[in-house]
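Line by line, the protein sequences give chains A and B. So the first sequence is numbered by our numbering: it starts at 350 and just counts up by one. So the second sequence is numbered by our numbering: it starts at 22 and just counts up by one.
Hints are computed from structural coordinates only; laboratory data are not their basis. Remember, it's a predicted structure, so these values are computed and weren't measured experimentally. Ideal placement from N, C-alpha and C gives every residue a C-beta, glycine not left out. Wrong hints could be hidden among the right ones.
[Claimed, not checked] Capping the alpha-carbon separation at 27 Å, the derived lysine-lysine pairs in DSS-like fashion look like this:
1) A/365 <-> A/398
2) A/365 <-> B/135
3) B/81 <-> A/398
4) B/43 <-> B/81
5) B/135 <-> B/81
6) B/81 <-> B/143
7) A/365 <-> B/143
8) A/398 <-> B/135
9) B/43 <-> A/398
[Stated by the list, open to error] One side only, chain B facing chain A, incomplete, derived with CB under 8 Å:
10) 71
11) 135
12) 137
13) 139
14) 153
15) 154
[Said to hold, decoys possible] Where chain B lies over chain A, by a calculated footprint (3+ residues, C-beta under 8 Å):
16) 353-360
17) 413-426
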Amino acid sequence: MIVRLRFFASLRERFKASAAERTLADGATVADLWAALCRERPDLEPLSKSVSFAVNREYVERDHRLSEGDEVALIPPVSGG
Amino acid sequence: MFQIVDRQIDVTAVTAAVADPKTGATVTFIGTTRDHNEGRAVTRLEYEAYPEMALAEMRKIGEVAQQRWPIAAIAIVHRIGVVPIGEASVVIAVSAGHRAAAFEACHFAIDRLKEVVPIWKKEHFDGGEVWIGSQGGEEFPGGAVAPVK
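The following block holds chain A by itself, in its conformation from the complex (with noise of 0.2 Å):
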């Protein structure tokens, strides 16, 4: 399946990029498709912990599982006010 990804902030400026698609197995979670990013980029690795994560504008938590066609924000620390 195909999955849509929008970064932002510190993550667009190190993809070079406010948009990507990206293949990843059926049933494949978040958690998959961040350590799919991961291996792609190892820089990421360390950003782990503080990354948080929107399936079509919802916070989810790691386990969700993502569905053809969903848009997937990689959502740095937020520092908006």
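With chain A held as given, fit chain B onto it using these hints.
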């Protein structure tokens, strides 16, 4: 009123959005950009949002505030892009029958906004720039400044 704007926030309009003749109190919080942080001169701040989700989270904050306190209305407007020093980056207005509910709900709203709304602040200073909240020592390398409360 829940908005993300890329220009100066019209504070009067935000306050007017919650005006209601049945209320006796309106509390307005204005968050402004500070010219220093952690002992360092800040030249400008720049904000980025995940706009669709940020708006949804701002509306949720409004709903929770309405459930927890007897308030009449709440409005939240956040500015993105470059915000010159001294200008408003966020304005929250709450109206209620009495002041206690308005103060408490407004305090809750700004605290919650800083915790959950997907908006990020980049601080530009002499000789560099850093995403606030994203440095956190080893977790988000590239900055050496303590997170801003």
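For each hint, the structure was consulted:
1. For the hint pairing residue 365 of chain A with residue 398 of chain A, the CA-to-CA distance comes to about 22 Å; that is within 27 Å, so the pair holds.
2. Distance check on the hinted pair: residue 365 of chain A and residue 135 of chain B sit about 26 Å apart at the alpha-carbon level, within 27 Å; holds.
3. With a CA separation close to 25 Å, the supplied pair residue 81 of chain B and residue 398 of chain A stays within the 27 Å bound.
4. The straight-line distance between the Cα atoms of residue 43 of chain B and residue 81 of chain B is roughly 24 Å, inside the 27 Å bound, and the hint therefore holds.
5. Restraint check for residue 135 of chain B and residue 81 of chain B: the C-alpha separation of about 14 Å stays at or below 27 Å, so the hint holds.
6. At most 27 Å may separate the alpha-carbon atoms for a hinted pair to count; residue 81 of chain B and residue 143 of chain B meet this at roughly 25 Å.
7. The hinted pair formed by residue 365 of chain A and residue 143 of chain B meets the criterion: a straight-line CA distance of about 16 Å does not exceed 27 Å.
8. Straight-line distance between C-alpha atoms of residue 398 of chain A and residue 135 of chain B comes to about 19 Å, which keeps the hinted pair within the 27 Å bound.
9. Restraint check for residue 43 of chain B and residue 398 of chain A: not satisfied, since their Cα atoms lie roughly 47 Å apart, outside the 27 Å limit.
10. Annotation: interface hint on residue 71 of chain B holds; nearest CB of chain A at approximately 6 Å, less than 8 Å.
11. Here the hint on residue 135 of chain B is kept, as its CB sits about 4 Å from the closest CB of chain A, short of 8 Å.
12. Given hint, residue 137 of chain B at the interface with chain A, holds; its Cβ is 7 Å from that chain's nearest Cβ, closer than 8 Å.
13. The beta carbon of residue 139 of chain B comes within 6 Å of a beta carbon in chain A, closer than 8 Å, and the hint placing it at the interface holds.
14. Interface restraint check for residue 153 of chain B: the shortest CB-CB distance to chain A comes to about 4 Å, inside 8 Å, so the restraint holds.
15. Hint on residue 154 of chain B holds. Least Cβ distance to chain A is approximately 3 Å, under the 8 Å limit.
16. Here's how the stretch 353-360 of chain A fares: 4 of its residues keep a CB closer than 8 Å to some CB of chain B, so the rule of at least three is met and the hint holds.
17. Coverage of the stretch 413-426 of chain A by chain B holds in this model, with 4 residues showing a Cβ closer than 8 Å to a Cβ of that chain against a need of three.
Of the numbered hints listed earlier, the single one contradicted by the structure is hint 9.
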